[in-house]
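Number of protein chains: 2
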Amino acid sequence: MSSSRVVFKTTAFERPLVTVDVVIFTVMAEQLCVLLVRRPESDGEPYPARWALPGGFVDVDRDASLLACAERKLRDKTGVAAPYLEQLGSWGDAKRDPRGWSSTHAYFALIPQPEAVDASATTTTEWVPCDQAARRRLAFDHNTILSTAIERLRSKVEYTSLPAFLLPEPFTLPQLQRVYEVVLGRPLDKSAFRKRMLDAAYLEEVGMVTGDHGRAAMGYRLRERDQATVFPRTFKSGE
Amino acid sequence: MSSSRVVFKTTAFERPLVTVDVVIFTVMAEQLCVLLVRRPESDGEPYPARWALPGGFVDVDRDASLLACAERKLRDKTGVAAPYLEQLGSWGDAKRDPRGWSSTHAYFALIPQPEAVDASATTTTEWVPCDQAARRRLAFDHNTILSTAIERLRSKVEYTSLPAFLLPEPFTLPQLQRVYEVVLGRPLDKSAFRKRMLDAAYLEEVGMVTGDHGRAAMGYRLRERDQATVFPRTFKSGE
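Quick note, the sequences are listed as chains A and B, same order.
Every letter in the first sequence is one number past the one before it in the working numbering, and letter 27, counting from 1, is 34.
Every letter in the second sequence is one number past the one before it in the working numbering, and letter 88, counting from 1, is 95.
To be clear, the hints were calculated from the coordinates, so they are not data collected in a lab.
Fair warning: there could be bad hints in the mix.
Unchecked claim - When the alpha-carbon atoms are kept at most 25 Å apart in a straight line, the in silico DSS-like pairs for lysine-lysine are as follows: (1) B:K197 x B:K163; (2) B:K202 x B:K163; (3) B:K202 x A:K102; (4) A:K163 x A:K202; (5) A:K163 x B:K163; (6) A:K197 x A:K163; (7) A:K16 x B:K197.
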């Protein structure tokens with residue numbers, strides 16, 4: 008079939024608006040944080056001046072795919088490529104956007120602590136601890152999308168290497184443990200954590216680095232940065 | 008904010024095509040099957056006469072939401088409402104549909120063995136065993152969507168009550184075990200299966216029914232039909 012010679016009929020229906028939103032997580036000051044952007048105040052914009060997740064319309068001329076669109080939004084807001092970007096789900100209905108029937112494809116991204124991130128607190132972007140962000144009245148259905156993302160991340164932390172994507176490399180095992188604890192919201196036993204991480208064999212040693220309090224410690228990085236490792240079992244309570 | 012008084016600016020971008028596709032599973036003749044529909048042969052239709060997953064454009068005038076659209080497609084093709092319908096993911100890019108930039112929201116549905124289903128094999132719809140369906144060259148990226156759905160279903164079977172949604176109620180424990188075995192693709196130990204199902208406490212007894220070979224057996228139904236029960240652990244190998 009040569010599509011260049013064929014004229015395809017297309018839909019007579021009005022097309023929905025199509026957007027991509029990205030829930031961008033990091034850890035700052037031992038808190039799981041999410042990037043919010045303030046919507047423009049101008050007339051004719053829905054939810055003016057309200058905080059929202061970064062996102063916007065798919066641009067059919069620029070975006071080769073939904074994932075490429077999510078990567079573009081992420082790069083525009085943070086200046087970085089995410090080491091981890093996963094599709095979260097989609098939300099679409101007649102009422103979520105006052106401009107008309109709209110569907111959004113939501114992604115979530117994990118990026119290392121934003122020393123290297125352009126978006127520090129400004130008037131239009133802000134890293135907000137997740138529990139605070141969840142209490143704000145965000146634009147559209149972004150509260151629902153955010154809470155779904157937090158739930159997904161927390162559930163995956165139980166059995167994957169995901170939190171390692173929140174750290175700049177190399178990291179030490181105590182630094183990795185703290186990130187797990189921050190995302191899980193509870194302390195973990197040090198020796199069980201160390202055994203579990205090393206047994207899972209998803210880290211590789213990169214030599215001694217300066218760890219906490221200036222002490223030398225083994226530095227690690229992820230063996231494979233293109234996927235999360237799934238552990239054979241979840242953390243037991245008290246482990 | 009009264010949206011009726013405000014004129015919202017909308018996008019100047021060309022809007023992508025938006026579709027919903029539904030992977031509808033059932034079990035027939037001890038095989039996991041999926042419903043395929045044959046695309047029209049007429050000129051101007053992409054992938055003419057090719058088999059595809061049921062689906063089509065979101066109709067902004069009829070569909071209140073993506074889920075409502077999925078329910079409508081399912082009802083149109085099978086005449087039934089699905090006891091279980093879950094969002095699978097979305098696929099969108101510039102090339103998957105020759106009519107233009109398109110994104111589809113894919114769902115998967117589980118329905119009981121289709122005694123009561125309108126769609127038996129016709130020239131335009133057919134229940135196809137999943138392994139055979141996977142070998143056909145389906146329209147669009149439907150092979151990818153189908154394989155993702157099979158993988159999701161199989162992974163969830165390990166730790167949820169999902170296969171029970173593939174049975175008409177009431178069902179016996181041997182019937183339920185067979186559906187688990189069909190989806191998992193391997194036999195399960197009878198006494199371990201019985202203990203596990205009853206321990207999970209997601210079934211309720213409805214009294215004696217006529218089971219296999221005309222023998223009386225306890226009939227069961229799902230305690231809650233609106234959600235899958237998640238078991239505390241997966242099936243062990245050999246269990």
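Okay, the hints, checked on the actual structure:
Using a Cα cut-off of 25 Å, the hinted pair K197 (chain B) and K163 (chain B) holds, with the two alpha carbons roughly 20 Å apart. Proximity of K202 (chain B) to K163 (chain B) is assessed by CA-CA distance (about 19 Å); at most 25 Å being required, the pair is judged to hold. Of the pairs offered as hints, the one joining K202 (chain B) and K102 (chain A) is violated, with about 46 Å between alpha carbons and a cut-off of 25 Å exceeded. Note on K163 (chain A) and K202 (chain A): the hinted pairing holds, with a Cα-Cα distance of about 19 Å set against a maximum of 25 Å.
Proposed proximity of K163 (chain A) and K163 (chain B) is supported: the alpha carbons are some 15 Å apart, at most 25 Å. Proximity of K197 (chain A) to K163 (chain A) is assessed by CA-CA distance (about 20 Å); at most 25 Å being required, the pair is judged to hold. In summary, the hint linking K16 (chain A) to K197 (chain B) is not supported, as the alpha carbons are separated by about 54 Å, beyond the 25 Å threshold.
Consistency with the previously given hints fails for numbers 3 and 7, ordered from lowest to highest.
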